[in-house]
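**Q** Given the coordinates of chain C, work out where chains E, W, U and B should sit on it, guided by the hints.
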Amino acid sequence: MWLPVAVFLGVCILICLVRLILGPKAPSRIVGLDTINTLVVVSMVVLGAAFEQVIFLDVAIVYALLSFVTTLYIAKYIEKGKF
Amino acid sequence: MNSIVYTFIVIGCFFNLVGSIGLHRFPDIYTRLHAATKCTTFGSIFLVAAVMIQSVGTWGTEGMSSPQSVLTLHAFIALVCIVLTNPTSAHAIARAAHRSGVKPARAVVDDLEGDRHD
Amino acid sequence: MTDSGILHVIIPVLIVTCAVFVARFKDLIYAALALAGLSLLLALEFYLLQAPDVAIAEAAIGAAITIAIFVLAIRSTRRT
Amino acid sequence: MKAIKFLVSACVAFLLYLLLTTASGSLFLWSREELIIGAVFAIIVGMVTKDMVVKKSLRMLDPRRALLFVAYFFAVFLPAMAIANVDVVYRVITGRINPGIVKISPNLGNDLSLTLLANSITLTPGTLSVEVDEKTNDLYVHWINVKKQALEKMPRDYKAVCGSFPDWARRIAG
Amino acid sequence: MMSKIVRTMCNILVPLIFVFGLYVIMHGHITPGGGFQGGAVFASGVAFIIVAFGSANVQKRLKEHHLSVLESGGGLIFIGLAFGGLATIFFFNFLVGSPIFGHIPPSGANPGDLWTGGVIPLMNIGVGLKVLAGLSAIVLVMALVSSGIEVEE
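Protein chains in written order, with this note's numbering: chain C, 1 to 83; chain E, 1 to 118; chain W, 1 to 80; chain U, 1 to 174; chain B, 1 to 153.
Just so you know, these hints were derived from the structure itself, not from any lab.
These figures come from a predicted structure and were not determined experimentally.
The beta carbon of each residue, even a glycine, is placed where N, CA and C say it ideally should be.
It cannot be assumed that every hint is accurate.
To be verified - Here are some of the chain B residues that sit facing chain U, going by a computed Cβ distance under 7 angstroms:
id: 1; residue: 15
id: 2; residue: 26
id: 3; residue: 30
id: 4; residue: 94
What the hints assert, rightly or not - Below 27 angstroms or equal to it, Euclidean Cα-Cα: the simulated BS3-like pairs (lysine-lysine) are:
id: 5; chain 1: C; residue 1: 82; chain 2: B; residue 2: 4
id: 6; chain 1: B; residue 1: 4; chain 2: U; residue 2: 50
id: 7; chain 1: U; residue 1: 55; chain 2: B; residue 2: 63
id: 8; chain 1: U; residue 1: 135; chain 2: B; residue 2: 63
id: 9; chain 1: B; residue 1: 63; chain 2: U; residue 2: 56
id: 10; chain 1: E; residue 1: 103; chain 2: W; residue 2: 26
id: 11; chain 1: U; residue 1: 147; chain 2: U; residue 2: 159
id: 12; chain 1: U; residue 1: 159; chain 2: E; residue 2: 103
Chain C with its partners taken away, still in its complex shape (with noise of 0.2 angstroms):
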């Protein structure tokens, strides 16, 4: 039941990867790449249902959190801001 789902929001990702690549300058590019960490991150409790595995969502809260840092250091270089 929970199989069909991932393998939905894997052709999500897709559409969004379209976007990362195609996107004409950088801040439509992050665009993409913020939209695959969230779809990311919900296929992998997804997948945690689907395995009945209680300790793979470690990896999803671990994702949720660590891919914002990576979001904010691109958006900070594009701004053109000191570090």
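**A** Chains E, W, U and B alone, transformed into the frame defined by chain C:
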């Protein structure tokens, strides 16, 4: 119980798909952020809620200190992280884009353009 | 083909696509973005292969620290 | 004040650790070892982050504010978010947009209420917070469907842009 | 320094990241993770503070030699524990059966008892200290250099 889970899955999948398609339908970064942030957050809430409801349904047979209750709690923590981080990263991206000089396409008004001091 | 089998096709295809574009982008920050996408999907693939240990390492190192160091290094270069 | 800051942040860290390790014991929900290790970690994290968790006053410890936040989240925020998503679906299908960036002055005093307001309006119908003025706490909002009557006077009326969210933010964290 | 909203969000999320990193380090022997992974998560929290508040503000509170001391301490813990079992054999797990981390787990599937593993959790702590201090130092020094601030030797 099962029908609620299936309904939530369908709603979540639909909004995630709309969010991904919205990335291609809109003309500039700000409107794309509208589609990406709102729809994927809403869809994630429903999908994770479906996982949580299904695992709560097994509490009665397996008891409170079973692995299933841990699954519910950790899915809830992941959901809280998504809901907290998603709008903030959208704000950071929009701010960076405006500072790097991306104009909103087809804008009727832009108050920020005149008010920039730096 | 089972659903899990389809996932084992989709995710590696996405990873290879990302890897090709990491090599092809001329602008360094675009390549860093594609690399971030690559490590995201690589962690998902490790997760699918039932290796959460490696997935956490890939998540923490590949997604956050590596991209941070790359962006800081690109920041120190000068654009011609 | 320093001791109170440390105590509050250590308690926050301890609660977070307990949330992560629920159902580790068989008799109680937490085993004795987890509680000991959690206390040690809470002291470490409390010492590191004591200036980040508590800023000036302890007003967020009031349980009424937490209840108000829960009520706001379920009664006001989630319905608005559902409307926002239907709105985005409509715009994705038709492609009909009328965007612009407007400035609103919600007159919020502190950072936490401003953050709550900015995150709320990012997730609710047609608005996205772009920039915040560091001195006057004014928000610049990207509005996907600009209404003509909101543009007439210069300090824009925030009722037209984001409804009653500023009032709620002031009540919860103000 | 980034905008007010990101800074406030950093204040809320950083305790969560730190607690989670320590949780991953501590539970290395019963759940996925371990010293390296948990240290990297903790160091990502430090990187988050650096990007939100600016490296110049971080340097006022956190000097490079603090991190150097932490990293050396982690290495010393690991080596000391390795030599601690030298009465029998190098890397002997001498804590099994003792009151510290000494439980012997029952065979078969079980939810995981924290108080097992002997020196393994302590070695995870050593590795975690070393990794978190090293990675934080790398990110901090690179941020300082890229914004043109002098770094102490």
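**Q** Run the structure past the numbered hints and jot down the numbers of the failing ones, going up.
**A** Structure breaks hints 3, 4, 8.
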